[in-house]
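Student: Chain by chain, the residues:
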Amino acid sequence: MNCKRYQNWIPEAALGALGASRQAQLDAHVLACPACARALEAERRLLAAIDQGLARNVAAQPSAEFAARVRMRLAEEREQMRPSAGWLPGRPILVTFAALAALAALVLAVRFVQRAPQRTQLTTPSAPIRTATPSARELATVTRPPARALLPAPTHRASGTVAHGSEGARSGRENQTPQLQVLVRPGQWAGITALYRAAQSGRVDTSSLAERPAMDLDPLQVPPVEIKPLVTAALEAPKPLNSSEAEDIDTQGDKHENPQ
Amino acid sequence: MPQQIESVDRALEREFDERLADCSALAYRVALSVLHSPADAEDVAQEAFIRAYRHRRELRDAEHFRAWLVRVTWRLAIDRQRSSSRRDRRELVAASDLPPAPSVEQTAVSREFQQRLDRAVEALPEKLRRVLVLAALEGYEMRETAVLLDLPEGTVRSRLHRARKILAEKLR
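First to last, the sequence lines map onto chains A and B.
So the first sequence is residues 6 to 265, counted in our numbering.
So the second sequence is residues 43 to 214, counted in our numbering.
Take these hints with a grain of salt, some might be off.
Unchecked claim - Taking lysine to aspartate or glutamate pairs in the EDC-like style, the calculated list, with each CA pair at most 16 angstroms apart, reads:
no. : chain 1 : residue 1 : chain 2 : residue 2
1   : B       : K212      : A       : D56
2   : B       : K207      : A       : E48
3   : B       : K212      : B       : E154
4   : B       : K207      : A       : E17
5   : B       : K207      : A       : D56
6   : B       : K212      : A       : E48
To be verified - Residues from chain B that keep clear of chain A, each with C-beta distances beyond 12 angstroms, as calculated:
no. : residue
7   : Y95
8   : R158
9   : P167
10  : L176
11  : P194
12  : L202
Simulated from the structure, these hints should not be mistaken for lab results.
By construction, the Cβ of each residue, glycine as well, lies at the ideal position given by its N, Cα and C atoms.
Please work from the sequences and hints to get the whole structure.
Tutor: Here you go:
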């Protein structure tokens with residue numbers, strides 16, 4: 006009797022996976038072979054023990070407090086999922102307001118920093134910026150005459166209104182410098198016009214003014230302004246400015262700054 | 043409209059409460075079969091229910107909920123088993139807490155045999171182990187196990203056979 010062959014079939018037979026033909030041969034064999042019958046029975050008991058051991062492992066019950074603990078955790082979860090959890094009623098509005106205020110302060114600070122150098126260029130070195138500026142009627146807006154030799158430096162008037170010097174003259178980049186606008190009182194404009202004409206006609210020597218060094222001064226340090234009496238013997242009483250004269254000056258200034 | 047939303051929310055809460063009552067033991071057993079520690083198993087099962095609650099809208103179907111819960115519990119238990127050093131100091135389920143075994147198998151299902159069996163099950167490839175445990179949970183009902191695992195019934199049957207064969211070879 007070839008028991009070895011049947012013993013190889015026993016595990017599969019115990020699992021119920023042996024083919025029908027082999028199962029029939031094994032059944033016939035174990036009827037006549039007590040050793041193989043015992044081996045098959047042992048294998049079946051082993052598998053039954055395994056299944057029972059597995060079943061015992063999965064037959065346990067959670068503790069009595071398990072469901073209560075899960076419900077407690079679920080209550081916490083619901084609190085966290087609630088949109089307004091942890092917020093006071095007016096809190097979002099306060100936070101929004103604070104955020105907007107901070108943003109506004111930042112924008113103002115940035116604009117102040119960006120404007121500061123420009124303001125310094127327009128007023129330096131003559132005088133601090135006026136806060137109480139003359140009314141619109143008192144001021145006349147003119148385009149700065151182009152001649153670097155004529156008005157190279159700012160001139161500070163007694164009234165505090167600023168007639169600015171030439172940024173282009175200092176930097177030597179007249180062609181790239183856009184026209185600057187300065188505000189003067191109408192009465193002062195007559196003197197400036199007279200000075201301009203005198204310089205044009207050669208009656209006033211402006212070379213010394215033109216050769217003055219560029220004022221690379223600290224914007225925070227305002228040097229004293231020297232106001233020398235202007236000798237204009239031939240200058241007659243100033244006449245009020247008419248519009249044609251202003252246009253004439255503007256045109257000449259344009260030609261000077263745009264040589265082409 | 044707000045009343046409708048509220049009623050849907052209430053229905054979801056009520057359904058989830060029913061699922062919790064029905065499936066607590068299932069989630070716990072799945073976790074326990076991996077971790078062999080009642081405390082760890084309860085922690086994992088609890089975490090699985092919290093996750094299920096977050097997805098309660100998509101898990102309204104009872105069968106789908108059950109299968110989802112089993113898969114998530116299994117994954118969480120495996121993660122904890124791998125990452126935790128508690129594996130070494132696990133507390134085996136006390137034999138006194140278990141239901142009495144039939145007298146015929148009393149010798150086989152001894153504490154020592156149970157420990158050997160647990161070690162052999164842990165050594166199984168995960169896909170075989172999962173089928174073995176869930177089949178045991180479902181009373182070896184292939185169709186139920188296949189639904190839980192979202193696998194074809196033939197695959198479940200084949201894997202279960204291989205798993206039992208390996209265990210028998212190790213414990214013989």
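Student: Work down the list of hints and note, for each, if the structure agrees.
Tutor: Okay, the hints, checked on the actual structure:
At most 16 angstroms may separate the alpha-carbon atoms for a hinted pair to count; K212 (chain B) and D56 (chain A) meet this at roughly 14 angstroms. For the hint linking K207 (chain B) to E48 (chain A), the alpha-carbon distance of about 11 angstroms falls within 16 angstroms, and the restraint holds. The suggested pairing of K212 (chain B) with E154 (chain B) holds, with an alpha-carbon distance near 14 angstroms, which does not exceed 16 angstroms. Among the hinted pairs, K207 (chain B) with E17 (chain A) is consistent with the structure: their alpha-carbon atoms are about 8 angstroms apart, no more than 16 angstroms.
About 12 angstroms separates the Cα atoms of K207 (chain B) and D56 (chain A), which keeps this hinted pair within 16 angstroms; it holds. The straight-line distance between the Cα atoms of K212 (chain B) and E48 (chain A) is roughly 12 angstroms, inside the 16 angstroms bound, and the hint therefore holds. The beta carbon of Y95 (chain B) is not kept farther than 12 angstroms from every beta carbon of chain A, the shortest such distance being approximately 6 angstroms. Its closest Cβ contact with chain A, about 9 angstroms, brings R158 (chain B) to no more than 12 angstroms, contrary to its assignment away from the interface.
At roughly 16 angstroms, the least C-beta separation between P167 (chain B) and chain A is larger than 12 angstroms, which holds for a residue marked as non-interface. Once the 12 angstroms rule is applied to beta carbons, L176 (chain B) is inconsistent with being away from chain A; the minimum gap is 9 angstroms. With a least CB separation of 18 angstroms from chain A, P194 (chain B) remains clear of the 12 angstroms interface cut-off, as annotated. The non-interface label for L202 (chain B) is inconsistent with chain A: the shortest C-beta to C-beta separation is roughly 9 angstroms, within 12 angstroms.
The structure does not agree with the numbered hints 7, 8, 10, 12 stated previously, though it agrees with the rest.
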